[in-house]
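Line by line, the protein sequences give chains A and B. Plus 1316 on top of the position in the first sequence (first one is 1) and you've got our numbering. Plus 105 on top of the position in the second sequence (first one is 1) and you've got our numbering.
Selected chain A positions facing chain B (Cβ under 7 Å, derived; list incomplete):
1) Phe-1361
2) Val-1415
3) Pro-1423
The following label-pair restraints were derived from C-beta to C-beta distances:
4) A:Ala-1317 with B:Thr-175: 33 to 39 Å
5) A:Ser-1381 with B:Ile-215: 29 to 35 Å
6) B:Gln-150 with A:Leu-1428: 21 to 27 Å
7) A:Asp-1378 with B:Gln-150: 30 to 36 Å
Source of the hints: derived by calculation from the structure; they are not laboratory data. From a predicted model like this one, the values you see are computed outputs, not experimental measurements. Just so it is clear, CB atoms sit at the ideal spot from N, CA and C, and this is done for glycine as well.
Below are the chains, spelled out letter by letter.
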Amino acid sequence: AAGVIQSPRHLIKEKRETATLKCYPIPRHDTVYWYQQGPGQDPQFLISFYEKMQSDKGSIPDRFSAQQFSDYHSELNMSSLELGDSALYFCASSLGGGVQETQYFGPGTRLLVL
Amino acid sequence: GDSVTQMEGPVTLSEEAFLTINCTYTATGYPSLFWYVQYPGEGLQLLLKATKADDKGSNKGFEATYRKETTSFHLEKGSVQVSDSAVYFCTRSNAGGTSYGKLTFGQGTILTVHP
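Given the sequences, and given the hints that come with them, work out the whole structure.
Spelled out as structure tokens, the structure:
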């Protein structure tokens, strides 16, 4: 079965640079979530989209922005990168944004900021 | 706010031992509850879920029951295998109603199973 695809899988950036992470949800899934997992920590919710509209917002820095496109893929744009942004970034998708729906996670993008 | 608390880890067991990982959640609204597992170097995989009180989720020999009266969702397995070694996250959704389903994770429990 098709899974959530994230690209790139690994990314190395310098401080103050920008990065774009991409997420391709499972076909027919209309809801996308972004999470950040720091080293040895639990994943923290950043932002979500349902039918191309932002549905919820968590602890996402103002330096970050995201959107969901007409084909339902999503991109997380990160500017003025800081050392503390080094983390594993997960995208998840679900069919509908309801609380009972299972979120299926991608393999993650590991970002290292030097 | 919404939160999830897992038992302190890590947990080290011998193969075929009984596993319990305790989990409690804040009792706001009617969340769905999940256990996700993260194998070394991999992403998060859904292990099991329960969407209402007294529901039992089960998968691959693991079980957890949604207990509203004790706000708990403890994970159990009768006989663990070396391949079960991973990090286990107890997770809750938003409270329900018109809320969307963002997830709140517990701090994770590292399980190591020795032959």
